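**Q** Following the hints, put chain P with the ligands in place on chain C, whose structure we already have.
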Amino acid sequence: MTGIPTGRLAVWWVLASEIVIFGGLLGAYIMHRIGHPEWEGQAIHTNVWAGGFNTFVLLSSSLSAVLAHQAAERGDGKSAARLLLLTAAGGATFLIVKAFEWTAEITSGFTIGSNLFWSFYYTAAGLHALHVLAGMVILLFVAATAAKNIELHRVENIGIYWHFVDIVWIFLFPLLYIAK
Amino acid sequence: MTGHAPDATRAPGFVRTYLWSTDHKTIGLQYMLTGMAMALIGAFAAYVFRMQAAFPGASVPLFGRVAAADYNYLVTMHGTIMIFWVAMPVLLAGFGNYLIPLMLGCDDMVFPRVNRLSYQIFFLSSVVLVASFFVPGGAFGGAWTAYPPLSANSAYSMTPFGSTLWLLAVALEFVAFLLGGINFITTTMNSRAPGMKMFDIPIIVWTIMIAAVLFMGSVGPLVAGAVMLLFDQVVGTGFYDPARGGDPVLWQHLFWFFGHPEVYVLLLPAMGIVAEVMVVFARKKLFAYRTIVYSAVATGIISFFVWAHHQFVAGIDPRMASLFSVTTLIISIPVAEMFFAYIATLYGGSIRFSTPMLWALAFVAEFLIGGVTGIFLGSAGSDIYFHDTYFVVAHFHYTFFPIAFLAAFAGITFWFPKMFGRMMNETWGKVHFWGTIIAFNICFIPLFITGTAGDHRRIFDYSMFAELATPEMQSLRILATRALLVTLAFQVVFVVNFVYSLFRGTVAEANPWKANTLEWLAPSPPPHGNFVTMPVVYRGPYEYSVPNRDEDYWPQHEPDEPADPDAPGARRPLQQPA
Ligand code: HEM
Ligand SMILES: [Cu+2]
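Heads up: the sequence lines are chains C and P, in that order. For the first sequence, position 61 matches number 61 in the numbering used here, and the numbering has no gaps at all. For the second sequence, position 393 matches number 393 in the numbering used here, and the numbering has no gaps at all.
Partial selection, computed: residues in chain C whose CB lies under 10 angstroms from chain P: (1) 2; (2) 4; (3) 5; (4) 9; (5) 14; (6) 17; (7) 19; (8) 20; (9) 24; (10) 28; (11) 32; (12) 111; (13) 116; (14) 119; (15) 120; (16) 126.
Hints listed in this document are in silico derivations from the structure and should not be mistaken for laboratory results. Just so you know, these numbers come straight off a predicted model, no measurement behind them. For glycine and all other residues, C-beta sits at the position ideal for the given N, C-alpha and C.
Here chain C stands alone, though its shape is the one from the complex (with noise of 0.2 angstroms):
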């Protein structure tokens, strides 16, 4: 009736509450943000360069995600799927390099438990990283489908959902490293 094919119908109305669930946590964290200047001492020892690095992966996993999807398009199932592990490659990168900077930062004493600034960022972090680990999974789902030439329409789904979770990050990345 719409137009719009159902499946991606449903990713966006998934999308529309997500945006909330983040926004809600952002918007907390931005006018606690405002209230405490002081945080700045906290939020210089984020580090700019794995999130910088972090930031490159995810977009270029985007790409991927967009290959992927014109593959689709062109009724290439095997390619899509291929470059659909690509994307989740990427994903893997990001965490792991995620994993590298949190244990750094937890052993030199900023734990989520230290203090507000800590709490948000690792909330905010990690709730993305599920977001990050659930994408994969469904990736490496569709991927497995798409090697069979079936159920292509979900290439372009699960690429809506991998661009939304690239734009988290795209907030995330300045709002927690940059601004200082």
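**A** Showing chain P with the ligands alone in chain C's frame:
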């Protein structure tokens, strides 16, 4: 429940039919029955704490002596259960699942397995909540609003496990309703019967769909807030702890940013039920269909801008308080508009006071009291006095009781023949109606009075407050409790009528009320797949008493020009003996 053989491709056994079904009707009934079972717990809690309020220190039959901590968790669980485990599942998920595909003329929701998952998660959430009664320390007692620091720190709440299980149960419930809501919205957008245009959609489908969008748009920040509260409870963060730079009022903002739209999430489906019932028993076209739709949308939008009226005494900026007073008064306009349209629908109709109609009319009358008393609470000046008194309790029960019970009973008695293929007993239905309505009012009117006289809510024992423990005040409390006992006793009539009619009621035809909407085209009860032949829609849902027609109703699926009756595929109106 389906008396018809489901189609041959799937020959489901008992488990597939009743417990593991993807059929929207089964899922709707599962939601509804689970909600009704939870209502027993919620009502039992109300019974126990009202007995304590009326007869402090006495041993309550079936419970025993009520300790202060018992009182707290009973009030908390009562509020939590009634909102999240009764009103939500019965009105939104129950009726939504059952009715949406039938009224849109399709065979099921677009994502049946997501739908099944939604119910399963909901069921799990109910189990978690009920389990929290039995953990060491007992169930959470920090009120259904769960304000920190009480909820964040078990040194204050003294329910280390109860608080966390409460949070977990609520979070699971939210997930269930988000999954269900996606189905409601996508199904309504994408799988209507051919010919059903946007303004041919029955009002109840509109209101449920708007409610689902509202829920989705408002619950997100609270999900984030719940994660923060969980971390405060279990990993030692200080999001809501002022001693560590946090802010307890943040939770109030996140909670009420959801909490206020939530009351419209509950109200809108109830309004939908009432509209469907009213037109059928007034035999009149719904007055101002489009205005009702637009008002519902406007109510939904404005409901995002009123939340801080719950926080007038929480130390918010007085300028913000005036702003939120104004938005709160504004939201009463579209709501009132819907009610006026309903009353105009009745005007000049040929009204039949059947049981569903009585419930629908009572809904309008009783909700009015809730709405009018809300004006006093929405205005910051008077709310500073009324805040957290029994006036508030009486006010919101005059909104919630009509929603959760009056509208639900209207819906259940109206669609019972469709759901189970039998009619409910009218006489006992009316006994149940009058008993409930009269007793309910005697239960809550006194609470307006005690509240105005200064009774604070959530008080375990008034004998500790000399100025409130007067004999006059106590006799009002006792009157309210007695009336509650009568209200509860009359629910037995409903349960007996329900069960009896399920097995012994007169067999219902497909369209016993002579209604227009598509669910009445399907057999009663509808088989798996709903319709024998998929319907095509020719007109809006409310063409009653159209001049120059023999019948006073005109179903949506009947072609305009009664075509040549011998032509292949031509459908003729059901010929009723005059
Ligand atoms: C069966 C009839 C009911 C009775 C007699 C009743 C009675 C009460 C009373 C007296 C309180 C205040 C307790 C106190 O502050 O000490 C209360 C609280 C509450 N009730 Fe009800 N109620 C009923 C049904 C409902 C329904 C149908 C709903 C909602 C759908 C509801 C929602 C609530 C909520 C949200 C609270 C606030 C709980 C809190 O303070 O945390 N109640 N109820
Ligand atoms: Cu409100």
